[in-house]
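> Construct the entire structure; sequences and hints are all you get.
2 protein chains.
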Amino acid sequence: MRLAELSRRSGVPTATIKYYLREGLVPPGRRVTATQSEYDDAHLERLRLVRALVQVGRVPIASARDVLAALEDDSLDHNARLGTAVGALPHGPEPAEDDASDAQAHRTVNALLAQLGWEHTQRRTEESPAHRMLVTAVATLTRLGYPCAVEDLAPYARAGSQLAESDLDLIERYESPDRQLEAAVALTVLYEPVLLSLRRIAQAEESHRRFGAQDAGE
Amino acid sequence: MRLAELSRRSGVPTATIKYYLREGLVPPGRRVTATQSEYDDAHLERLRLVRALVQVGRVPIASARDVLAALEDDSLDHNARLGTAVGALPHGPEPAEDDASDAQAHRTVNALLAQLGWEHTQRRTEESPAHRMLVTAVATLTRLGYPCAVEDLAPYARAGSQLAESDLDLIERYESPDRQLEAAVALTVLYEPVLLSLRRIAQAEESHRRFGAQDAGE
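Protein sequences appear in the order of chains F and C. Read in order, the letters of the first sequence are residues 1 to 218 in my numbering. Read in order, the letters of the second sequence are residues 1 to 218 in my numbering.
These aren't lab readings, by the way, just hints derived from the structure by calculation. Values in this document were obtained by computation on a predicted structure and should not be read as measured data. Cβ coordinates follow ideal geometry from the N, Cα and C atoms, glycine included. There may be inaccurate statements among the hints.
Claimed, not checked - Listed next, the stretches of chain F that the computed footprint assigns to chain C, with coverage defined by at least 3 CB atoms under 8 Å from CB atoms of chain C:
(1) 136 to 142
(2) 181 to 189
(3) 199 to 206
Right, here's the structure in full:
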């Protein structure tokens, strides 16, 4: 298909597609004349993933490029590609320079990982972005004096574990390894607001159950 | 205590405290001379909450003001204040104008809430921000063609339910109702990166378990 049809079928304006092509987020089409290229279903799929990352997940262009590069890295096997791609997703704010609460947070997170038996993460010589995001969040809780001991964090880790199983079940519905990788990245990002909003709605339900017959916020 | 001591004990620069005072995020101190005011522990507590919302949670000043106003609204009972304050926390992107996927998302979310028996949420005449955030996220998944049927969402709702219990357990450790409300708002925001990072770490663990002996991202 030509650019105009790619735009129509993907719902992405041609100017935006050209921008993604220039930035290397979408691979070039097959050149058919000096000014025209031909695109296929792989381009449609890629545009869908780029929209999920950039428009919905607000992933910066440079980070999206890293994620997409990992998906195409032939030197890695399936599992390594998945880890690298999801690992390249941007994480929260950078750690503050408060060494005391940062060191305390590292000890807490290490104790949590040991208790969970998450050996893969413990064996890594370098912290993944998600690991750093966790340490930063725990350091902030520590600094502000909110509860964040290992036993406070454990229920959130158990929830994370159950969710990871659901996540991988969704991903394994896709047959080809390439589609699985794309789905892993897209669903990681797109299910985050699902999870956070369901937690808030459940809090309102639970708070209603515990504290009152009168309806909250009505 | 004077402003300088409030700054020292809270770790917030005096210029920032003055800004929060002007914006109404922190109540004024007790005026002792024409140029000096006296602050107390309630101001320290409030600064801690404002830091959690504004600096860590990146909540816009105007939304933070709404959240804090709900905490102090004497016309509401404890449970209503909690619901209103957490409900005033900003939510994700506004819904796009795609009516078809939005209507489909509403049907899916309503079916999910009915299946869960979350009556409090179903009985509300107006959607809360969290409810809108969920509909928007499901509409996006629908529009991009990713799985988001009721049975796909159910595991995330179950996780949200379990987390709400842990959240409320943490909050009930605080004795005074005012401190409980502050903790509810702060912990809702501060535990979001904890949850999202633990989900990503658990994904790496689960992916390692399912797909490979070789380590991801190494």
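> When I compare C-beta atoms, does the segment 181 to 189 of chain F have three or more residues closer than 8 Å to chain C?
With 5 residues close enough to chain C, the hint holds.
> Mind checking, does the segment 199 to 206 of chain F have 3 or more residues with a CB under 8 Å from chain C?
holds (count 8)
> Would you say the segment 136 to 142 of chain F counts as covered by chain C, given the rule of at least 3 residues with C-beta under 8 Å?
holds (count 5)
Checked against the numbered hints above, the structure breaks none of them.
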